[in-house]
Amino acid sequence: MKRTKETMTPESIVIRGGTVIDPGRFNGLADVLVQNGRVVEIGMPLLASLPEGPALRTIDATGLIVSPGFVDLHCHLREPGFEYKETIQSGAASAIAGGFTSICCMPNTQPVNDNESITDFILTKAKEAGTARVFPIGAITKKSEGEELADIGELIGAGCIAISDDGRPVMNSLVMRRAMEYAKAFGVPVVDHCEDLHLSCGGSMNEGIVSTQLGIPGIPHASEEVMVARNLSLAHLTGVHVHLAHLSTARSVELVRLAKKQGLPVSAEVCPHHFSVTEEAVRGYNSNAKMNPPLRTDPDVQALKDGLRDGTIDVIATDHAPHAIQEKQLEFDAAPFGIVGFETALPLTLRLVEEGVLSLEQALDKLAKSPANLFHLPAGSLDVGEAADVVIFDPKEEWVIDPDRFRSKSRNTPFGGWKVKGRVKQTIVGGRLVYEDR
Amino acid sequence: MGLNRKDLLTIAALSADEIHLILTTAESLKEVGGRDIKKVPALRGKTVVNLFFEPSTRTRTSFELAAKRLSADVINFSPSTSSIVKGETLIDTARNIESMQADIIVLRHSSPGAADNLAGAVRSSVINAGDGWHEHPTQALLDLFTLKEKKGYIEGLTVVIVGDIAHSRVARSNILALTKLGAHVRVVAPPTMLPLLIEKLGVTVYYRFEEALIGADAIIMLRLQRERLGQALLPSIREYANLYCLTPERLQLAKPEAIVMHPGPMNRGVEISPSVADSAAAVILDQVSNGVSVRMALMYLLSGSA
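Residue numbers (the numbering used here), protein chains in the order written: chain A, 729 to 1166; chain B, 846 to 1151.
If you're looking for bench data, these hints aren't it; they were derived computationally from the structure.
In this text the structure is predicted, and so the values were computed from the model without any measurement.
From the three backbone atoms N, C-alpha and C, an ideal C-beta is built for every residue, glycine too.
A hint or two may mislead.
Claimed, not checked - Computed spacing ranges between beta-carbons, pair by pair: (1) B:T869 <-> A:Q838: 40 to 46 Å; (2) B:K851 <-> A:R785: 55 to 61 Å; (3) B:V1133 <-> A:R979: 17 to 23 Å; (4) B:G1027 <-> A:C929: 33 to 39 Å; (5) A:Q838 <-> B:V1133: 46 to 52 Å; (6) A:A957 <-> B:G1027: 44 to 50 Å; (7) B:R1071 <-> A:E875: 51 to 57 Å; (8) B:R1083 <-> A:A957: 34 to 40 Å; (9) A:E1126 <-> B:L1042: 50 to 56 Å; (10) A:E1126 <-> B:T869: 29 to 35 Å; (11) B:Q946 <-> A:S845: 52 to 58 Å; (12) A:R979 <-> B:P1119: 46 to 52 Å; (13) B:V1133 <-> A:K1147: 48 to 54 Å.
To be verified - Covered, in the sense of this in silico footprint (three residues per stretch, anywhere, with C-beta under 8 Å from a C-beta of chain A), are these stretches of chain B: (14) 933 to 939; (15) 948 to 962; (16) 1033 to 1044.
As the list claims (entries may be wrong) - To be clear about the criterion: a stretch of chain A counts as covered by chain B if any three or more of its residues have a C-beta under 8 Å from a C-beta of chain B, and this derived list gives those stretches: (17) 905 to 918; (18) 938 to 946.
Please work from the sequences and hints to get the whole structure.
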């Protein structure tokens, strides 16, 4: 079910001399012409006659990559309810600074996005912000309490593109079954944060040698894997597309690989932090390394990379989860889970390209095309006639991650001080230049 | 020679030489407790703050006595609620205390890593008096001191630690301290009470108490926390006592001169039978008095007056 994009202020932009990568479609040197919010032509040279003077903006993309804007299937924009952590406006600003032009926000706001009025509110705020496109994900159950189904039909009607109780996963397998069956009527994916809350039992980090040494209550690998297995069985039972959020363990990847071989309707995502760092980052009780699912071990990181390489994992998503400084300053076990994700996703993903895990085109597929296709979003492509959501980045530019320069309201990241490669230079949404690196 | 560090946060961070230095200093300070006038002026004019976020009588009293015997001024500060409830972070609380010119802050907190966090935020010396399940370094040091006092040496001894290892900061600190000084450490508990990969800390794992006791030089009994019953870790206190209570019969399996330690408070009849607790093998009260000497030594060495 493709949706049409609303047209924003038209502007003619010509992007000259870049390497255009539209995954699966085009990969080569070309100029890109954007007019009236749409991609009009990709070619070398362009055949269209260009407007003159101030009506035309020219972007020199020599040495740069021109890609469809990134699509994030998993973020937390915190509004309504937690505006001190992030607002839709600041979250969208953070997104475009990271090259994301479409972002799907989880419903664990206060109140929970379990009804039309919250969805409307989010969409109105997003429109006012006028930068990244925001696609809300509705709750599976009322207040995400895991008991009664939310008014899923109403949520989809109001503009939600998937359902999930992310953050408060549905423990009752019957409720999950019913939710998946019910979602079938609307053709939307059901997204699950796979965690058996009984097994994770208040843990704060991966259960293993580091948790044993630090005396921190652990979250076992099994707490994720038993729910992955449950969801795969329910996908088999119902035939409904289940999307597994932020996989973190080797056995989860293995389960999904097997399920895909069997043809089950399943897709999976991984977050940059899970393939970039391990539980070792927690040493020193660094609350910026506290996330859920927790950072795991070297063999898990390897398995996630293998899963990306062989297609078991479809998507790279950020799980952008801003928290205020005073919250992350709490004792490790009291501090909240999660990190700012948008503004570090590209350089962390490019490390995989440098390591040879993915080609650049495959990496952009996982960041843009594949997520758009999975959630049926009108994004992820530079095809002529499509709305022009474009990111232009320098894959070679080196920079040091400085949380104080984040566009997000929050600063929580374990990557501060990391020297990375790959920097977003311009972001275009609907043919309008909304972000420029200065 | 002093301790070349600001804080004492963990046994993990100490070298064997540093541990020996603390034990040797404690030996020379132990004599103070036997005097008529139990005071030396080493920390005169210094301020020690006991910052205890968890209820504790014996550890707090031991630190207080140690500081007073060194002539320090002591303040006891026991916030009744955690910072999370109050809205003030631990760091803010501690900075307030630091502003009162505290030289040493002794911290007891329910969160693992609380002492590490605090030490990074204040100029005062920080002594960890227990942080969650993580470490209780002064307990391990006083256990080593007692062991050395009774056995004459530590290297090569076989020490058995019994009970809820997973949730015990005493066990973690003792495992680290004993293995650093070359003792053989055995841990014994139901598998539900052993943390994942504990064997990587250099210990031998046992499930059957009787097997673990054979050839033991010392036995450290841990207190059974009754609240663990609700977490499916144990069927019942009765079954735990049947399997893991140190009885006179079980004690017979250890070496004849084996000693019995317990960090207190004891559950008589649960992890230790009264006749063992009161036997000549038990050195539990020596541990308490040695605790004062070891804490004196630490404060003395950290204060830089050494």
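For each hint, the structure was consulted:
Checked against the hint of 40 to 46 Å, the C-beta distance between T869 (chain B) and Q838 (chain A) comes to roughly 58 Å, which is inconsistent with it. Evaluation of the 55 to 61 Å hint for K851 (chain B) and R785 (chain A) yields a pass: the beta carbon distance comes to about 57 Å. Between V1133 (chain B) and R979 (chain A) the CB atoms are about 48 Å apart, so this pair departs from the stated range of 17 to 23 Å. A C-beta distance of roughly 36 Å is found between G1027 (chain B) and C929 (chain A), which places it inside the suggested range of 33 to 39 Å.
Taking 46 to 52 Å as the suggested C-beta distance range, the pair Q838 (chain A) and V1133 (chain B) conforms, at roughly 50 Å. Our hint of 44 to 50 Å for A957 (chain A) and G1027 (chain B) holds, since their Cβ atoms are close to 46 Å apart. For R1071 (chain B) paired with E875 (chain A), a C-beta distance near 33 Å fails the hint of 51 to 57 Å. For the pair R1083 (chain B) and A957 (chain A), the beta carbons lie near 37 Å from each other, so the given range of 34 to 40 Å is met.
Between E1126 (chain A) and L1042 (chain B) the CB atoms are about 38 Å apart, so this pair departs from the stated range of 50 to 56 Å. E1126 (chain A) and T869 (chain B) have their C-beta atoms about 52 Å apart, which leaves the hinted 29 to 35 Å range violated. With their beta carbons about 56 Å apart, Q946 (chain B) and S845 (chain A) fall inside the hinted range of 52 to 58 Å. For R979 (chain A) paired with P1119 (chain B), a C-beta distance near 48 Å keeps the hint of 46 to 52 Å intact.
Between V1133 (chain B) and K1147 (chain A) the C-beta distance comes to about 53 Å, which sits within the given range of 48 to 54 Å. Counting residues of the region 933 to 939 of chain B whose CB lies closer than 8 Å to any CB of chain A gives 3, which reaches the minimum of 3, so the coverage claim holds. Counting residues of the region 948 to 962 of chain B whose C-beta lies closer than 8 Å to any C-beta of chain A gives 7; at least three are required, and the coverage claim holds. For the region 1033 to 1044 of chain B, the stated coverage by chain A holds: 4 residues have a C-beta nearer than 8 Å to a C-beta of that chain, and at least 3 were required.
Under a criterion of three residues with beta carbons nearer than 8 Å to beta carbons of chain B, the stated coverage of the region 905 to 918 of chain A fails, only 0 such residues being counted. Counting residues of the region 938 to 946 of chain A whose beta carbon lies closer than 8 Å to any beta carbon of chain B gives 8, which meets the minimum of three for the stated coverage.
Checked against the numbered hints above, the structure breaks hints 1, 3, 7, 9, 10, 17 and satisfies the rest.
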